[in-house]
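Asks: In order, the protein sequence lines correspond to chains D and H. By numbering that gives the first Met the number 0, the letter at position 5 of the first sequence is numbered 4, and the numbering carries on one by one without gaps. By numbering that gives the first Met the number 0, the letter at position 7 of the second sequence is numbered 6, and the numbering carries on one by one without gaps.
Rather than coming from a laboratory, the hints here were simulated on the basis of the structure. Take these hints with a grain of salt, some might be off.
As the list claims (entries may be wrong) - Anything over 10 Å on all C-beta distances counts as not near chain D; from chain H, calculated:
1) MET2
2) LEU4
3) GLN6
4) ILE9
5) ASN10
6) ILE26
7) GLU33
8) GLU34
9) GLY40
10) ARG54
11) LEU61
12) THR119
13) SER120
14) ALA140
Said to hold, decoys possible - A few chain H residues facing chain D, derived, Cβ under 8 Å:
15) GLU86
16) ASN93
17) ASN98
For clarity, every value in this text was computed on a predicted model and none was experimentally measured. Even glycine gets a Cβ: it sits at the ideal position worked out from N, Cα and C.
Here's the letter readout for the chains.
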Amino acid sequence: MEKFAPVTRSEDGQPVRYLIVDDSVFARKNLARMIETFGGQVAGEAGDGVSAISEYERIKPDIVLMDITMPQMEGIEAAEKIVRDDPSARIVMVSSVGYQENIVAALQRGARHFVQKPVKAEVLYEVIKYVMRDDGTTARGAGAGA
Amino acid sequence: MRMDLIQPFINSADAVLAQGLGSPISIENLSMEEEAYRRKGIAAEVCLKGEIEGRIIFDVDLGAAVQLASRLAGVEVSETDEELVREAVCELANQIIGNAITTLNDEGFHFHVRPPTLHTSEQGSKSSEDTEALVMVFNTASGNIFMNVALRHHCPGALEAAAIAG
Numbered sequence: 000m001e002k003f004a005p006v007t008r009s010e011d012g013q014p015v016r017y018l019i020v021d022d023s024v025f026a027r028k029n030l031a032r033m034i035e036t037f038g039g040q041v042a043g044e045a046g047d048g049v050s051a052i053s054e055y056e057r058i059k060p061d062i063v064l065m066d067i068t069m070p071q072m073e074g075i076e077a078a079e080k081i082v083r084d085d086p087s088a089r090i091v092m093v094s095s096v097g098y099q100e101n102i103v104a105a106l107q108r109g110a111r112h113f114v115q116k117p118v119k120a121e122v123l124y125e126v127i128k129y130v131m132r133d134d135g136t137t138a139r140g141a142g143a144g145a
Numbered sequence: 000m001r002m003d004l005i006q007p008f009i010n011s012a013d014a015v016l017a018q019g020l021g022s023p024i025s026i027e028n029l030s031m032e033e034e035a036y037r038r039k040g041i042a043a044e045v046c047l048k049g050e051i052e053g054r055i056i057f058d059v060d061l062g063a064a065v066q067l068a069s070r071l072a073g074v075e076v077s078e079t080d081e082e083l084v085r086e087a088v089c090e091l092a093n094q095i096i097g098n099a100i101t102t103l104n105d106e107g108f109h110f111h112v113r114p115p116t117l118h119t120s121e122q123g124s125k126s127s128e129d130t131e132a133l134v135m136v137f138n139t140a141s142g143n144i145f146m147n148v149a150l151r152h153h154c155p156g157a158l159e160a161a162a163i164a165g
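Excised from the complex, chain H in its bound form (with noise of 0.2 Å):
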């Protein structure tokens, strides 16, 4: 997988998760991983569609989604209030796709991408050769935050000359 794809996200995880849990952040862990995904907590999932395909897990321990959510409400969340968790899971994921997106955009690359949708499966479909995936770990006081990212890179060329060749 190219590394170019893959750094923008590295960059805004760091700036979006240390702006909200208001405190630095470390990764813990970097892997590639060709199994099926299985989901950790609580997990939002973004697909990609154009220069760059795939999708993107956005997976949060239970305690770590409590901490994100109660930091972002501005008041104290609960386990059990299971929607308001989701929610906050849903748009940091949002934030932090939106951000990476954004720098690959002003790159040059072109693609669209949807609103995030929750991961409710334990498990993903299995990554191919084409779409491994690189899972990276970032360390908070209240748990584990995992980014699972699966992403090809179309060029624009060999889109068309597979449309002429048929």
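Extracted from the complex, chain D is given alone in its bound form (with noise of 0.2 Å):
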């Protein structure tokens, strides 16, 4: 897989530290290499959006890769609840399911960004850097495929 310029915090140089949340086993693997390649850390994963609350509050993550569709409670709802309770976290919406309607809804509910699957590595890299951008994070050296 392609390496990118590592993203880092800008406050103390230490990795980003992300938490994952998908249904699914593999799409997790998946996004957990991608985010090697960026340089960063995966700091814990989550099934559904109950888990992810509680695993927020635990790990309290830079970032948030959050699926839409998924058992006992669904991405944009674990979205509203952790960013009412933190209304600085980062999420970025990952999901198959990409209508205009459902981007809406997740973005005024408190989500940063949306990413379509499958995903692309260059196109979560550029999203991950923005999402970051003027909040503490830097990229160092050149941008995707760096």
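Join these two chains into a complex; the hints should help.
Replies: Structure representation (structure tokens):
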């Protein structure tokens, strides 16, 4: 897999910590591989919205990658609850179901961005850089593919 | 069955499978099926509720499923990694069906979809005249991929009229 210039936290130069939320183990593994190429660290994983909220509280990640269609509690509802408790939470929705109504609902409830599956590493990388911009994080070196 | 409901699934399967396998694919066959569905390999099922109702079964020959799992996982996956292969098929079904649903919703059809579940029974329920299934066979270098789409469209007006009529 392609390597990218590492995205690190500007305040301490440490890797960005991620929480991956997806009911598919396979999708979580795939995102974890991409995060590794961005120089990030997977701080936690969750398979549904309810676990996502408790994992967020526990690990306080820098960024959450959140699926939408999940059992128990869907991603948009979980994102809303997380942002209500922590307005600085950075949540990127990652879903195959990307119709306009869904994207607008996710953004209105506090998500920062949306990435449609199948996820392309270079697209996710740019979105992460964008979401973290002006938020105490920086990408060292050149852009994607560096 | 309305082709405008089917075309997004064909387009989505074509795009997602080509990306997933890293090579072009071709549609080998398209046919209507009224008989009960018989599973061919590893299959995932997604159900839709709302203006469009029905189900889609995404069924992959074992060889193709192993190749897909290897490609998507970025490591060599063998037939014995059953859990990983099943997960790969479910995730691929999720991506193909999710992309098609995105198109249909943006075209004004409103419905809800549940996460894919593994379709383990050898045989599914028989289609009716209402839910006649369209079977698409995608040909890949390592085996066939089948998509069985049985959907029907409810006109919102017809649903309201039926409710009023009691």
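Asks: Look at each hint and say if it fits the structure.
Replies: Evaluation of the provided hints:
1. MET2: holds (20 Å)
2. LEU4: holds (15 Å)
3. GLN6: GLN6(H) clear of chain D: closest Cβ-Cβ about 16 Å, beyond 10 Å.
4. ILE9: Correct as stated: the minimum Cβ-Cβ distance to chain D is 16 Å, above 10 Å.
5. ASN10: holds (14 Å)
6. ILE26: Holds, since 19 Å exceeds 10 Å.
7. GLU33: The assertion about GLU33(H) holds, with a minimum of 29 Å to chain D.
8. GLU34: holds (30 Å)
9. GLY40: holds (17 Å)
10. ARG54: holds (15 Å)
11. LEU61: holds (17 Å)
12. THR119: holds (17 Å)
13. SER120: holds (21 Å)
14. ALA140: Non-interface label stands for ALA140(H): nearest chain D Cβ at 19 Å, farther than 10 Å.
15. GLU86: Since chain D brings a Cβ to about 4 Å from GLU86(H), closer than 8 Å, the hint holds.
16. ASN93: Hint holds; ASN93(H) Cβ to chain D Cβ min 5 Å, cut 8 Å.
17. ASN98: holds (6 Å)
Figure legend: structure checked against the earlier numbered hints; every hint is met.
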